[in-house]
Amino acid sequence: MKNFIKAIREINKTLNFFIFFESMLNAAIFFLVVYFLLSLVNLYPVLAVMPAAIYFFIRMYVNLKIDKRKAVEGKYEPLKEKLRTAADNLDKDNPVVNELQEDVIHDLKHVGLSSFIQTKNLSYKILASILLSFAIVFATTFNLYIVDLNTFLGNVPDMIENINPLGKRSSNVLGEVNESEDIYGDSKLAVLGEKQIDIKIKPVNYEINVRESGDVEQKQFDEIFPNEVFIEQSSALEEKIPEEEQELVKSYFNKLAKG
Numbered sequence: 001m002k003n004f005i006k007a008i009r010e011i012n013k014t015l016n017f018f019i020f021f022e023s024m025l026n027a028a029i030f031f032l033v034v035y036f037l038l039s040l041v042n043l044y045p046v047l048a049v050m051p052a053a054i055y056f057f058i059r060m061y062v063n064l065k066i067d068k069r070k071a072v073e074g075k076y077e078p079l080k081e082k083l084r085t086a087a088d089n090l091d092k093d094n095p096v097v098n099e100l101q102e103d104v105i106h107d108l109k110h111v112g113l114s115s116f117i118q119t120k121n122l123s124y125k126i127l128a129s130i131l132l133s134f135a136i137v138f139a140t141t142f143n144l145y146i147v148d149l150n151t152f153l154g155n156v157p158d159m160i161e162n163i164n165p166l167g168k169r170s171s172n173v174l175g176e177v178n179e180s181e182d183i184y185g186d187s188k189l190a191v192l193g194e195k196q197i198d199i200k201i202k203p204v205n206y207e208i209n210v211r212e213s214g215d216v217e218q219k220q221f222d223e224i225f226p227n228e229v230f231i232e233q234s235s236a237l238e239e240k241i242p243e244e245e246q247e248l249v250k251s252y253f254n255k256l257a258k259g
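First residue of the sequence shown? That's 1 in the working numbering, and the numbers climb one at a time after it.
Each hint should be verified, as a subset may be incorrect.
Taking lysine-lysine and the DSSO-like style, the derived pairs with C-alpha atoms no more than 30 Å apart in a straight line are [claimed, not checked]: (1) 125 <-> 65; (2) 109 <-> 65; (3) 82 <-> 70; (4) 92 <-> 80; (5) 80 <-> 6; (6) 120 <-> 109; (7) 68 <-> 13; (8) 125 <-> 70; (9) 82 <-> 125; (10) 13 <-> 70; (11) 70 <-> 109.
Derived by calculation from the structure, the hints in this document are not laboratory data.
Values in this document were obtained by computation on a predicted structure and should not be read as measured data.
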């Protein structure tokens, strides 16, 4: 009984691997076909991943629903209905069921893995994948476009805006919007009254230096100089110092000058 359970698990494992491999190969071919078609119209070929993934999961779901016991019986005629009968009575333990399970295990040896692999179809699919890959590389390298839908769809919003006049009105509800990088407008001189002045803004202390510009007014200045320049001794000092002391001071300085 344990050998039969092991054989059933091995059958499920092997067939699940074949189903996965076949589904993956078919999904790869489907992806390459969609990618090639999208590249010919220049419409985001990477989007081919989504339909290919959906196709893969659908293919896996459908193939996993297939009765694997019946698929094995179809590969070897003596196993017809014997494998399903033995699997349905797996929980029973009697001489008849045990003998049936032994016969099924013996007949399973005549079912080879090659019987589940269609070599011809597999070769065609691999060859198709290679050819599609080369075609995609060739088309993308030389930019071979039948129709450039990317450029066409990129102009659709402008076409709709030109067709619908209400779109322009609704877009100008808040007035005109300045879309340029120059947010300050045209540079010009500020005019205060009737005089034109220059305004200089210092970035450090934000003081405004207002300077009137214009021609310098020429003025005439009178040159008045005295006729004679002399030093007059102060009479106040002479009145306060006695004559004797003045003579004494003069004689002192004269001696110093002579010595």
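Going down the list of hints, with the structure as the test:
no.: 1; hint: 125 <-> 65; verdict: holds (23 Å)
no.: 2; hint: 109 <-> 65; verdict: holds (25 Å)
no.: 3; hint: 82 <-> 70; verdict: holds (10 Å)
no.: 4; hint: 92 <-> 80; verdict: holds (20 Å)
no.: 5; hint: 80 <-> 6; verdict: holds (20 Å)
no.: 6; hint: 120 <-> 109; verdict: holds (24 Å)
no.: 7; hint: 68 <-> 13; verdict: holds (10 Å)
no.: 8; hint: 125 <-> 70; verdict: holds (26 Å)
no.: 9; hint: 82 <-> 125; verdict: violated (34 Å)
no.: 10; hint: 13 <-> 70; verdict: holds (15 Å)
no.: 11; hint: 70 <-> 109; verdict: holds (16 Å)
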